[in-house]
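Visitor: Take the sequence shown: its letters are residues 507 to 917, numbered as in this note's numbering.
Hints are not guaranteed to be accurate.
Stated by the list, open to error - Derived DSS-like pairs (lysine-lysine); straight-line CA-CA distance at most 25 Å:
| hint | residue 1 | residue 2 |
| --- | --- | --- |
| 1 | K641 | K659 |
| 2 | K659 | K704 |
| 3 | K811 | K846 |
| 4 | K811 | K856 |
| 5 | K856 | K846 |
Stated by the list, open to error - What follows is a list of derived Cβ distance ranges for each label pair:
| hint | residue 1 | residue 2 | range |
| --- | --- | --- | --- |
| 6 | E807 | G618 | 49 to 57 Å |
| 7 | P672 | T550 | 22 to 30 Å |
| 8 | L575 | A542 | 37 to 45 Å |
Just so you know, these hints were derived from the structure itself, not from any lab. In this text, all values refer to a predicted model and were calculated from it rather than measured experimentally. Using N, Cα and C, we set each Cβ at its ideal position, and we do this for glycine too.
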Amino acid sequence: MATPSVAAALHQRLAYLGEQITLLQADQKAVQAQLAAIVYPVLTLPNDITSEIFLRYSDDYPTLTCSPLLLARVCSSWRQVALSTHGIWARFAYEGRHPVSGRLAMWLSRAGKLPLHIQTPLPAANRPECVRIRKLLDAYGAQWETLDLVSDKPIFFPLQIQGPLPYFRTLTLSSNPSNYGVNTIPTIHDAPQLRHVKLLSIHLTNCQGALPWSQLTSLELAEIAFVQCLDILSQTQNLEILHFHLMSADPVPITRHIFPRLHSLTIGYDDSYSVIQHLILPALRQLHLFWPAEDCASAIEHLIKRSSCSPSTLILFAKYKPEVDLDFTTNSLSVIPTIKKLELVASAFKTADLTELFDLIHEDPSFLPALASQLRDKNRAISARSDARNEDGSRRGDRAVDFVHHLVRAA
507 MATPSVAAAL
517 HQRLAYLGEQ
527 ITLLQADQKA
537 VQAQLAAIVY
547 PVLTLPNDIT
557 SEIFLRYSDD
567 YPTLTCSPLL
577 LARVCSSWRQ
587 VALSTHGIWA
597 RFAYEGRHPV
607 SGRLAMWLSR
617 AGKLPLHIQT
627 PLPAANRPEC
637 VRIRKLLDAY
647 GAQWETLDLV
657 SDKPIFFPLQ
667 IQGPLPYFRT
677 LTLSSNPSNY
687 GVNTIPTIHD
697 APQLRHVKLL
707 SIHLTNCQGA
717 LPWSQLTSLE
727 LAEIAFVQCL
737 DILSQTQNLE
747 ILHFHLMSAD
757 PVPITRHIFP
767 RLHSLTIGYD
777 DSYSVIQHLI
787 LPALRQLHLF
797 WPAEDCASAI
807 EHLIKRSSCS
817 PSTLILFAKY
827 KPEVDLDFTT
837 NSLSVIPTIK
847 KLELVASAFK
857 TADLTELFDL
867 IHEDPSFLPA
877 LASQLRDKNR
887 AISARSDARN
897 EDGSRRGDRA
907 VDFVHHLVRA
917 A
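Let the sequences and hints guide you as you build the complete structure.
Guide: Written out as structure tokens, the structure reads:
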């Protein structure tokens, strides 16, 4: 049992602690006031400057875990600026598997009236989430600038978009080739700025009238049927850039399609070279070839003769092919004597073979004469550097190695 003296001591201790609490609370308020008085330099910036910084920070396609959500979480001031900066909400990209319609609605509502860049997955057609996404996209169709839809299943987007799409420039539709089936894409009639279309593993029963094909300047077709490819090409005479990678080439009658403005052609593996025999490309300047492919040299040679064109740039991509035979390469290159720029994007070429290729270009005036002419000035500069580094007669080897460094871009 506590004595009176013990109780008195405890009361005295309690009174002391109360006084300390009062002092600490007063000190806390003073520190809080001092902290509140501190002005961080970044918060002194005018809101329009902060907004511009946010726009520069934002990625082309921000993820949901990055800006602009990250910017809005820093402090209340930044949140207000982020919510009022429409530009950082005008780009939306999502690659996950969780429902996306809620976030997409948030982004679109905060983008104001700005043109929209949208990259989003599209679930299977029988899922409510797919319907919600389609309705959102349709509601904001007048603001599309780029639209990129990706699906593991055949795309089902049965919209007849009648209203004008004044900003719409680029459409990309991608489906999983392992789930090959009929795709239903938006039917677009009034999109005067639409110039770029990519169809990746998209099978359409009828291409006629689906898109304003005739106004396109850039087209990429991959993993689609040969007949569908030809059907689309018959409607796209204003193309300037064409990239195709076909699944198979069924025998069809040869029908020539003239593309007077097409200057850049990319041809994939497999049966892609079968399309060449249907093309006439008088303005062709750049060839990007996935290398090697059977009968590719013959197909390219006939294309050049038929088109009366003079390609000046050749890019060979052989990274995913087994080791490339030098004789095959030189024989194939010889059919394009007008090239002035050669780029090899490959791990399949040996340095020794490239050195031999350099010697052939350097010593045989009939092999790639235009490229040899372009290299003469560079060779003189390389020789001068080699002379300064090495006086023992090994200049040719140094020059060849330097040439290889210029020629090969290992990806």
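Visitor: Does each hint fit the structure? Answer for all of them.
Guide: Here's how the hints hold up against the structure:
Straight-line distance between C-alpha atoms of K641 and K659 comes to about 19 Å, which keeps the hinted pair within the 25 Å bound. Of the supplied pair hints, the one linking K659 and K704 holds, its CA atoms being roughly 17 Å apart against a limit of 25 Å. Proximity of K811 to K846 is assessed by CA-CA distance (about 18 Å); at most 25 Å being required, the pair is judged to hold. Proposed proximity of K811 and K856 is contradicted: the alpha carbons are some 31 Å apart, above 25 Å.
Restraint check for K856 and K846: the C-alpha separation of about 22 Å stays at or below 25 Å, so the hint holds. Between E807 and G618 the Cβ separation comes to about 54 Å, which falls inside the hinted range of 49 to 57 Å. Against the hinted window of 22 to 30 Å, the Cβ-Cβ separation of P672 and T550 comes to about 39 Å, which falls outside the hint. A beta carbon spacing of about 27 Å between L575 and A542 contradicts the range 37 to 45 Å that was offered as a hint.
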